[in-house]
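S.K.: Heads up: the protein sequence lines correspond to chains L and P, in order.
Convert by adding 148 to the 1-based position in the first sequence; the result is the number in my numbering.
Convert by adding 148 to the 1-based position in the second sequence; the result is the number in my numbering.
Worth flagging that the hints you see were computed from the coordinates, not collected in a lab.
Every value quoted in this text rests on a predicted model; they were computed, and no experiment measured them.
Possibly wrong hints are sitting among the right ones.
Each pair may be met inside one copy or between any two copies, as identical chains are not told apart.
List of simulated lysine to aspartate or glutamate pairs, EDC-like, C-alpha gap at most 20 Å [as the list claims (entries may be wrong)]:
{"id": "1", "residue 1": "165", "residue 2": "198"}
{"id": "2", "residue 1": "165", "residue 2": "229"}
{"id": "3", "residue 1": "172", "residue 2": "161"}
{"id": "4", "residue 1": "172", "residue 2": "244"}
{"id": "5", "residue 1": "339", "residue 2": "295"}
{"id": "6", "residue 1": "310", "residue 2": "275"}
{"id": "7", "residue 1": "172", "residue 2": "239"}
{"id": "8", "residue 1": "281", "residue 2": "229"}
{"id": "9", "residue 1": "165", "residue 2": "154"}
{"id": "10", "residue 1": "339", "residue 2": "223"}
{"id": "11", "residue 1": "339", "residue 2": "248"}
{"id": "12", "residue 1": "165", "residue 2": "299"}
{"id": "13", "residue 1": "339", "residue 2": "297"}
Next come the chains, spelled out residue by residue.
There are 2 protein chains.
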Amino acid sequence: MSQQAEPIQRMAEELAKLPGIGRKTAQRLAYHLAAQPLEAVRALAFALAEGRESIRLCTRCGNYTAGELCAVCADPRRRQDILCVVRDPRDVAAMERINDYHGLYHVLHGILSPMDGVGPQDIRIRELMDRLKGQEVSELILATNPDIEGEATAAYIARLAKPLGIRVTRIAHGVPVGSDLEYTDEVTLSKAMEGRREL
Amino acid sequence: MSQQAEPIQRMAEELAKLPGIGRKTAQRLAYHLAAQPLEAVRALAFALAEGRESIRLCTRCGNYTAGELCAVCADPRRRQDILCVVRDPRDVAAMERINDYHGLYHVLHGILSPMDGVGPQDIRIRELMDRLKGQEVSELILATNPDIEGEATAAYIARLAKPLGIRVTRIAHGVPVGSDLEYTDEVTLSKAMEGRREL
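If we strip away everything but chain L, and leave its shape as in the complex, we get:
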């Protein structure tokens, strides 16, 4: 809208590029920032630019870190012989929230997706194989998402890792805790039946 001050428009345009931030929300945020003290907006801008600049990938697992190793890899109390394979650094954060896993991670930074032209060489599978060959691993847990790409990627990695004599496991599929059977989709329900355990 030509009636809007140009700086507001520029701010809103950039904010609207963020996921989940539509044109209206971006505009609301831009007006909010316009009414904030200059210092507060500078602090936000600095945190974003400087934060992005200082992010490195952990040289061992590929998780985000500001240093050489991520907090998990640098922790000597973690079990070094269990690796959990995830797609993104945010999946590491999700796993860490359960406070129940004490091994290490391997972050793929992507998922196999022939439709999108993503092959094994585009994600950190070679780095994973190097780790598996270079260190004693007693269990490799495949924790990619339970969708088509996640399953295919897990199957692909399992085929590569098993010949090395490593125990390869996959996280369980089933009915989420707190959910309602009536509203659970058929595939999940069938996986839950398939994976049933004796009590």
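Model the placement of chain P on the given structure of chain L, informed by the hints.
M.R.: Frame of chain L, contents of chain P only:
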């Protein structure tokens, strides 16, 4: 969480200060930005900091502008003798969207609220009175929000402006177009009855 890379935490903390952005959304956005090219994040940071820095208040009406006068005040086709009083610059944007108002604005940058310690000297009421005394105004439209503070502010300004012989009007209260009578609150419905017009 100590398991999260520190830059991610700093980004998320700053983003969570934005209105409507909770801790979870802020974290999701931080992870998103971490995966973006450095240049894209720098462009966002620059647009915010530089945008905020270049925002001025229109010396005439108080609307946001990058220059001396805002786009509305600088437009010679606008009627100079009608003023519409609004609370925020974003209300100017809302009014402009109807494409039906051709006068000027006056932005109060706040609303009278004794509970929050906001008095007449804290918002741009003196500037409004100066304008009313300094130029020919045939109509003063009070378009503050239809809530307690908005009504009180409108009443306060009306009391000051009427002795100057200026026609003072208030935007209509009533049933929003497309809404359902059944779900309209009683006060709005009673205002709609009160303001009924002959067809």
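S.K.: So, for every hint listed, does it hold in this structure?
M.R.: Results for each hint:
Proximity of residue 165 to residue 198 under the C-alpha cut-off of 20 Å is found in both arrangements, the shortest distances being 19 Å within a copy and 17 Å between copies. In this homomeric assembly, residue 165 and residue 229 never come within 20 Å of each other (Cα to Cα): the closest approach is 41 Å inside a single copy and 40 Å across copies. Within a single copy, residue 172 and residue 161 get their C-alpha atoms as close as 10 Å, which meets the 20 Å cut-off; across copies the closest is 23 Å, which misses it. Taking the closest pair of Cα atoms, residue 172 and residue 244 come within 20 Å of each other only across two copies (15 Å); inside a single copy the shortest separation is 34 Å, beyond that limit.
In this assembly of identical chains, the alpha carbons of residue 339 and residue 295 lie at most 20 Å apart only when taken from the same copy (13 Å versus 54 Å across copies). Taking CA atoms no more than 20 Å apart as the test, residue 310 paired with residue 275 passes inside one copy only; the shortest distance there is 16 Å, against 77 Å between copies. In this assembly of identical chains, residue 172 and residue 239 lie within 20 Å of each other by CA distance solely across copies; the values are 14 Å between and 30 Å within a copy. Within a single copy, residue 281 and residue 229 get their C-alpha atoms as close as 12 Å, which meets the 20 Å cut-off; across copies the closest is 81 Å, which misses it.
When the C-alpha separation of residue 165 and residue 154 is checked against a cutoff of 20 Å, the pair qualifies only within one copy, where the shortest distance is 17 Å, while the shortest distance between copies is 24 Å. For the identical chains of this complex, residue 339 and residue 223 are neighbours neither inside a copy (35 Å) nor across copies (66 Å), given an alpha-carbon limit of 20 Å. In this homomeric assembly, residue 339 and residue 248 never come within 20 Å of each other (Cα to Cα): the closest approach is 24 Å inside a single copy and 59 Å across copies. For a Cα distance limit of 20 Å, the shortest separation of residue 165 from residue 299 qualifies neither inside one copy, at 30 Å, nor across copies, at 37 Å.
In this assembly of identical chains, residue 339 and residue 297 lie within 20 Å of each other by CA distance solely inside one copy; the values are 17 Å within and 57 Å between copies.
Figure legend: structure checked against the earlier numbered hints; hints not met, in rising order: 2, 10, 11, 12.
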